[in-house]
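Undergrad: Since chain A is already given, all that's left is putting chain B on it; use the hints.
Chains as they are written, first to last, in this note's numbering: chain A, 1 to 320; chain B, 1 to 327.
Calculated directly from the structure, the hints in this document are not laboratory data.
Remember, it's a predicted structure, so these values are computed and weren't measured experimentally.
A virtual CB, placed ideally from N, CA and C, is assigned to each residue, including glycine.
Hints are supplied without guarantee of correctness; some may be wrong.
What the hints assert, rightly or not - Some chain B residues flagged as far from chain A (calculated, every beta-carbon gap over 12 Å):
#	residue
1	D58
2	G85
3	P116
4	L152
5	R286
What the hints assert, rightly or not - With beta-carbon atoms standing in for the labels, derived distance ranges:
#	chain 1	residue 1	chain 2	residue 2	range
6	A	R163	B	T25	20 to 26 Å
7	B	V108	A	R283	32 to 38 Å
8	B	W176	A	F138	52 to 58 Å
9	B	S60	A	S58	38 to 44 Å
What the hints assert, rightly or not - Partner residues are not named here, just some residues of chain A that face chain B (Cβ under 10 Å, in silico):
#	residue
10	G135
11	S139
12	A297
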Amino acid sequence: MTATTVEAADVQEHIPGESEWQIVWRRLRRKKLAMISLVLVVLIYGGGLLAPLIAPYSYQEINLERGLEGPSGDHWLGTDRLGRDILSRTLYSARTTVIVTTAVVLSGSMLIGNSIGLLAGYRGGWVDTALMRLGDIFSSLPGLVMLILINATLGQRVESWVRWVEDHTFLTGLVASGFSSYLLVFGALSLFFWVGSARLIRAQVLQLRENDFILAAESTGATPFRVIRSHLLPNVSFLIILGISATLGGIAGSEIVLTWFGVGVQPPAASFGQMLSDGSATRTFQAHPHLLLVPGAVVTMLLFAFNLLGDALNDAIRGR
Amino acid sequence: MGAYIIRRLAWLPLILLIVSFTTFTLARFGPGDPISVAAGQIRDPEVLAQIRADRGLDGSVAEQYVRWLGGAVRGDFGESYIQQGFSVSGLIFPRMWVSAQLGFLALVIVFALGIPLGLISARFSGTWLDPGIIGSLLFLQAIPVLVLIPPLVWLFAVQFDLLPVGGWDGIWEIWWIGGVIAVPIPDPHLYIPLVAFTLPGFVGVARLVRITALEVNTLDYVRTARSKGLSEAMVQWKHVFPNSLLPLITVLGFALAGIIEGAFFVETLLGINGIGSFTFQAVTSRDYDVILATTVIFSTTFVVTNLFAEILYGFVDPRVRVGASRR
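Just chain A, same shape as in the assembly (with noise of 0.2 Å):
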């Protein structure tokens, strides 16, 4: 009964001329919870980005004689063991994160999510058939699980190509930027996170696929590249959207889970994980709480504010 008569206010409220990314952003700023969730992402991402502007610290800058310490002027947020500013590492944990969600989401969900699951859709027939076929098989893997494995096996291997790249070409200082865990990182990642995307899009495509105005497009001579760009696509974006918003905590989840396990991004690199790595024995977290408690903290809220923020999301596209 409650959606009866929020969509009878819907009606009342639409203005003529709205774009529908304006409805759905109007529906979105209703939810308070939605905007607090958006509101700490910004805050997180913007702490990510603007990392080297605002650190009062480098992120590897050591001193040991100051270990260990808690909250001071000096330091607002303590040292980690070695000394180094936890607000400074917390923030560049933070770029990591940034990073490796932009990267993913650009190449995994985006490109290949994007495109497997328009193809599929568009072309039908066999190619439907394999491409669904193998995002069955790889979601029926066990994730981290496979994750972990591929990173532990193929990390000296992409550090030893990356090697050949710089000794080949004008690029250098990328083994020693850490560039190479990132870089697997990115692509074991990108592997695993395009299924849902490609899911969702196909479906949808499928029934696109049936109207007239690709009929239309298609008797005109439209190629069938075309018709995916200019027809298929612009009435898929919401999903493109819903798509990454549903993906976004695994990934930012899986990055901190590989880097502590040891086989993602490798120091001297700041990561959650490392650090939640750092701080997790009990004999430490007695003594010094805030190793872990600080990262913890901003990690559980981001995760957090990523489920609230993709339910939100979904309610206010779907047109609740």
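TA: Using the frame of chain A, we list chain B on its own:
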């Protein structure tokens, strides 16, 4: 129905072959030469060739795979690279038993508490209780197990000294009353791991039950049951509860995956000698044949459970069978 089961079962060997071949290739050839890991300091070519032959590492990839698979289906996963002289299966099977008991208990608790929580939230939809329950469960899900365990251990094991710090001592502890009557109680080592395993899992079950129960609550026969004077508890128990169970079969797979993944952290942080902590050690020490064996075992469990859930779902809901046959 028979055709449906056969179609689903035909999928199983294919997927297991793909999984085992991929993991095999990754574990054997991904890191470079596994011989150098097994041989340690030895660099004598003859000895290396000997090790290669002993471990079945000569011949083409296909030959090696077939040889490994032949052993694996009989439960023989070769010898550990790091703990030399020990067979991989001898190392992992006892640990798997520990993890299986713990995982099974966790699965039971997730459903046993998740279902009533979902029913309560649906019943009180429109009041503060509904978003309150679901919101809190969502928050619990967002706390990584890594962050949850150290405070729990500190609070219950160190500060109040109520529970052991970690480890594993079987499911039951026997209390002797007057030295005569034996009373089995759940072993105190169980509590912290079970809390860590189950807290993130409740929300998935509860939300699914809530959604179905919301629908069922508005149906005519439920209204009839209420209007003929059936107590609310009976309405929930006889009508809403059974109807909310159906979709739960589909989350069985997810719940199991969550528990397998949770085992890495829970067992490692609490010093439980199970398959999760053992895999963690294998990853840290680069013991590739152990990683290979555990990955294949985890994947098989996962694939088989999902398949079982699908078949079960087909039994219960005929619409699924029809849907699946439409290609």
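Undergrad: Determine for every hint whether it applies to the structure shown.
TA: To see whether the hints hold, each was checked on the structure:
Non-interface call for D58 (chain B) relative to chain A: holds, since the shortest CB-CB distance, roughly 20 Å, exceeds 12 Å. Listed as a non-interface residue, G85 (chain B) keeps its Cβ farther than 12 Å from every Cβ of chain A; the least gap is roughly 23 Å. Annotated as non-interface, P116 (chain B) keeps its C-beta farther than 12 Å from every C-beta of chain A; the closest such distance is 22 Å. The claim that L152 (chain B) is not at the interface with chain A is violated, since a C-beta of that chain comes within 12 Å of its own (minimum 10 Å).
The Cβ of R286 (chain B) does not lie farther than 12 Å from every Cβ of chain A; its closest approach is about 7 Å, which violates its non-interface assignment. Taking 20 to 26 Å as the suggested C-beta distance range, the pair R163 (chain A) and T25 (chain B) conforms, at roughly 23 Å. For V108 (chain B) and R283 (chain A), the hinted distance range of 32 to 38 Å is satisfied, since their beta carbons lie about 33 Å from each other. Checked against the given bound of 52 to 58 Å, the beta carbons of W176 (chain B) and F138 (chain A), roughly 53 Å apart, stay inside it.
The beta-carbon spacing between S60 (chain B) and S58 (chain A), approximately 50 Å, falls outside the hinted interval of 38 to 44 Å. Given hint, G135 (chain A) at the interface with chain B, is violated; its Cβ is 12 Å from that chain's nearest Cβ, farther than 10 Å. Taken as an interface hint, S139 (chain A) checks out: its beta carbon lies about 9 Å from the nearest beta carbon of chain B, inside 10 Å. Hint status for A297 (chain A) relative to chain B: holds, with the closest Cβ pair at about 8 Å, below 10 Å.
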